[in-house]
Every structure is written in C-alpha cells, then in structure tokens.
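A.B. asks: With these hints in hand, go ahead and build the complete structure from the sequences.
Residue numbering for the sequence shown follows full-length UniProt numbering, starting at 1 and increasing by one per position.
Hints were generated in silico from the structure; no laboratory data involved. Source: prediction; values computed, not measured. Be aware that a few hints might be false.
To be verified - Label pairs and their in silico Cβ distance ranges: (1) L90 with G61: 43 to 53 angstroms; (2) N54 with V83: 20 to 30 angstroms; (3) P73 with S47: 14 to 24 angstroms; (4) M92 with G59: 32 to 42 angstroms; (5) A37 with P69: 21 to 31 angstroms; (6) F82 with G55: 13 to 23 angstroms.
All residues carry an ideal CB built from backbone N, CA and C; glycine is no exception.
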Amino acid sequence: MSLRAWRTTIVRQCFALSATPYEANSLLLSPVPLLPAIYSSAFISTSAFNDITNGTNPGCGTVGFNAEPGWDPFTGLSTSNFVKLLSRWLLMP
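C.D. replies: Laid out in structure tokens, this is it:
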C-alpha cells in the first residue's frame, strides 16, 4: 500500500505488479505508447505468452480476482516469455 498525491487529493493505493507501468510512466512524465503489434494474432497464438489459469490475488481488504483461461483482471492476457517474445518481434517486417 502507498499514499500518493494526485492533483490535490491523497489517494490510498493497494497494488502489486499492476502498478509497475503506472510508476514507470510517472517517472517519465509523458505517456508511453502501446505496442499493438504484440496483441496481434501473430503473437497471441504463439507460446510467447504463458496463460496463468490458477491462483488469486487477494489483498487490501478485498477478495481480489481469480486467474482464469484467457484474459482475466488478475494477470491480464498472460505473462510473457521474453525469449520467445523477442524472437517473434525480430521476425516482424
């Protein structure tokens, strides 16, 4: 948990890995562009991603979310396998 001043309000945050992009972006002070190519079927249909199907993320007084096949609020689309993701990326035109 952290306390962060947002505009003029103190906001209580409970977070885990989902906060990493937010924190990194706040250090850059500018938006980071998305890479829609990695969400294309060329990447999703490969083993470049590991679909997490078991587990939960309770915390901060909530029951959290369950991991399920496909997209879920706990892990999003999945976790990436960097070596395979890089090899697919290098094959792109």
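A.B. asks: So, for every hint listed, does it hold in this structure?
C.D. replies: Status of the hints after comparison with the structure:
1. L90 with G61: 43 to 53 angstroms: Roughly 44 angstroms apart at Cβ, these two residues keep to the hinted range, so it holds.
2. N54 with V83: 20 to 30 angstroms: The hint (20 to 30 angstroms, Cβ to Cβ) holds, given that N54 and V83 are roughly 23 angstroms apart.
3. P73 with S47: 14 to 24 angstroms: Given about 23 angstroms between the Cβ atoms, the range holds.
4. M92 with G59: 32 to 42 angstroms: holds (37 angstroms)
5. A37 with P69: 21 to 31 angstroms: At 23 angstroms between Cβs, range holds.
6. F82 with G55: 13 to 23 angstroms: holds (21 angstroms)
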